[in-house]
Amino acid sequence: MTTAAAAEPQAARAPITLGRWGTPIGLAIALVVGYLLMVIGAGAQGQEQFINALTIGGIYALIALGYTMVYGIIELINFAHGDVFMVGSFVSWWLLTTMGFSGPINDPVVLTVVLVIAFVVSMGVMGVVGVVIERLAYRPLRNAPRLAPLITAIGVSFILQNIIFVGISNSIVPSPQIIPNPLLTIGPIEIRLINLFVIVLAVALMVALHLFISRTSLGRAMRSTAIDREAAQIMGVNINWTIAMTFFIGSALAGAAGVVQGLYFGVTVFNIGFQAGLKAFTAAVLGGIGNTTGAAIGGFVIGFIEVLAAVYGYGRWSEAAVFSTLVLVLIFRPTGILGQQLADRA
Amino acid sequence: MKRTYLAVAGASVAIIVGACSGSSTPSPSGGGGGGGTAVKVGIELPMTGGEAPNGVPTANGVALAIDQIQVPGFTVTINQQDDALNGKHDPNQGAKNLQTLANDSQVLFVVGPYNSNVAQAEIPVSNAAGLMQCSPANTAVGLTKGDAAKALRQTNPDKIAYVRVATTDDNQGAGTADIAYNVASAKKAYVLDDTQTYGKGLADGFTDAYTKFGGTILKRDGVPDSTTDFTSYVTTAKSLTPDVVMYGGVTTSGLGLFRKQMAQQQLATIPFVGGDGIVDGSAATASSFLNIAGDGDMNSYGTVAAIHDIPNPDKFASDYKAKFSSDPGSYSAPAYACTQIFLQALQAVGSGVTDLAQLREAVRAYVADTSHTYDTVLGKVGFDANGDTTQHTISYYQYDSTSKDWKFLKQRDFTAEPVQ
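Residue numbers (the numbering used here), protein chains in the order written: chain D, 1 to 346; chain X, 1 to 420.
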């Protein structure tokens with residue numbers, strides 16, 4: 001499969017390169033278009049729907065990043081990733097409930113401290129869980145036919161779901177929403193604190209990830225492993241460590257999304273991993289699998305499609321709309337919006 | 001070689017004949033211990049996870065009836081199946097369970113299911129097997145009335161093997177419309193449904209009756225039942241400024257989450273009307289609508305497709321509490337009534353009969369016969385030619401903040417007072 005693809009001329013699959021300002025300009029245009037669509041559909045509530053879309057898009061983007069990083073480096077669709085997000089939301093629920101919180105915390109200092117603890121713990125725990133899963137379930141199958149780790153991933157997904165189902169709860173678990181909910185007015189924009197928090201956090205984590213991959217030596221190691229594993233190994237990159245760190249970071253981001261789930265929706269259930277994972281995977285493919293900027297953009301696109309479907313009265317069709325978009329993009333641009341970044345096997 | 005082959009063939013034939021003869025015909029002396037013929041009533045309800053507040057009290061109603069009522073010549077036990085093994089009711093699982101019950105020759109009657117889309121999957125199975133089902137809670141119209149119902153009875157179109165003691169969603173929808181227009185005094189409504197059989201049917205029933213009362217429907221939205229992010233719909237509600245929001249669906253389709261998100265956007269002052277899908281326990285019951293909706297509980301209304309003013313409410317409640325240490329659920333009494341109907345039918349047709357297949361058909365025919373009426377905990381109940389109950393009463397409930405539970409408002413008999 002890969003050799004046939006590599007035989008085609010590489011120029012046909014080149015990622016979009018618009019120079020240094022390409023991405024920001026493209027993003028700005030996309031945001032303006034999105035905003036206009038919201039205002040046309042929802043009138044006075046257009047701004048609020050726009051913010052709803054950005055928020056849910058941010059959550060999908062955080063999960064999509066994990067999918068795309070793992071696929072980029074070992075070409076595995078980690079079906080267990082959605083459930084890593086779900087377990088992350090339960091870790092955060094357990095932590096906040098054990099610390100004794102059940103409602104909004106009004107003291108900003110206490111709130112910040114608690115949030116930092118919640119994020120650090122959830123992200124750390126889920127990162128470790130991701131590394132353990134990789135070590136036990138995927139590494140032994142690294143040289144096996146591609147179907148084997150795929151099926152293993154589905155198995156891990158079921159294991160995670162059932163651990164929560166049997167061990168914690170098989171129904172909806174209310175999660176403490178510790179961020180208070182005032183409506184803030186920033187210039188012409190009216191936004192709730194929780195929405196602002198989610199959007200800023202998602203963007204900050206994405207920027208941090210981008211800087212990490214492009215500026216640090218571990219990031220360079222990840223990129224080189226993704227491009228050519230054997231050459232990277234010859235150049236002295238520790239492949240096992242690099243792949244483990246990729247899983248750690250991807251799972252930590254899913255853990256962050258899990259904390260956000262609890263804070264934003266106030267509930268968590270053992271089966272949210274499947275749906276969220278499916279949509280995040282769609283986002284990753286939409287943006288160009290293996291491409292972290294693409295995954296981020298894909299996440300926001302999926303969020304917008306969902307909210308636009310509801311705004312224009314096609315709520316019944318929102319899931320169909322999301323997956324139809326995926327199908328259309330893959331037909332007309334098979335490598336995703338920003339193009340794939342995969343191993344060069346030529 | 002040839003002799004060995006013949007010996008093996010002969011032995012296999014002997015084994016097969018031996019196995020076949022012993023199975024279906026019960027011995028004339030009946031089930032042991034002097035209790036009479038052993039028969040079972042099947043329960044097919046959602047018992048796990050988010051559905052437990054619905055299914056468990058209902059199943060308890062059946063168990064209470066078996067405990068309290070004896071039929072001479074028969075020992076009745078329960079064969080319990082669960083269609084919510086993954087935490088949410090599943091039509092495929094329901095159909096499988098009904099097949100399991102049908103294959104158990106001792107099962108003469110099934111109480112269940114709870115959800116209308118599960119019933120859609122089960123009616124063809126019970127129809128083919130000739131096994132009578134009595135649902136305590138299904139309300140979708142197309143299960144018994146019209147061409148949709150006929151299509152479900154493919155194998156034996158003229159045999160009724162499904163009856164229900166809950167009335168239908170044309171009445172329940174009218175009940176929710178009555179609440180919205182007359183109790184909550186709302187003239188403009190925003191209507192949503194969860195795109196499932198029950199939810200969509202209920203919302204349709206609401207729309208019909210509400211427009212007849214004189215109200216306006218501002219918008220109608222369908223929301224996939226796996227949705228957790230309702231923010232876009234809540235924002236739509238904000239822009240429409242309705243006097244009431246009506247949502248046809250069940251708690252496991254996310255109605256509690258929707259109301260919670262309404263409260264987060266400061267919209268809890270807008271009354272919220274749902275059907276029996278949200279009247280599933282107090283705010284203390286895990287996974288109930290009230291528990292999930294939290295701050296959104298205020299101004300919430302619901303209905304139950306059953307009569308509230310049963311003839312002896314205190315006796316039923318105290319008997320139930322003595323056995324199960326908790327209060328009865330909304331559908332405990334209807335499930336008790338279904339079991340009473342079975343036991344009364346068994347008493348009428350069962351004397352002297354020991355052949356299980358014959359008993360099953362006799363029970364089915366007796367219950368399907370519209371001339372029979374039954375004395376049940378709900379009062380006098382009969383069935384019409386479609387299998388629908390003759391009691392067309394809907395009970396209205398409102399959230400009460402002192403008891404943090406649903407409080408009964410009133411009930412309306414839609415035969416006596418239909419919507420014009």
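Source of the hints: derived by calculation from the structure; they are not laboratory data.
Beta carbons: idealized from backbone N, C-alpha and C, even for Gly.
Hints may contain errors.
Anything over 10 Å on all C-beta distances counts as not near chain D; from chain X, calculated [said to hold, decoys possible]:
hint: 1; residue: Asp221
hint: 2; residue: Val223
hint: 3; residue: Ser401
Here are some of the chain X residues that sit facing chain D, going by a computed Cβ distance under 10 Å [stated by the list, open to error]:
hint: 4; residue: Glu51
hint: 5; residue: Val56
hint: 6; residue: Asn60
hint: 7; residue: Thr207
hint: 8; residue: Thr211
hint: 9; residue: Gly215
hint: 10; residue: Thr216
hint: 11; residue: Ser226
hint: 12; residue: Thr228
hint: 13; residue: Asp229
hint: 14; residue: Tyr233
hint: 15; residue: Gly256
hint: 16; residue: Gln261
hint: 17; residue: Ile292
hint: 18; residue: Ser318
hint: 19; residue: Gln398
Which of the listed hints are broken here? 1, 2, 5, 6, 7, 8, 9, 10, 18 and 19
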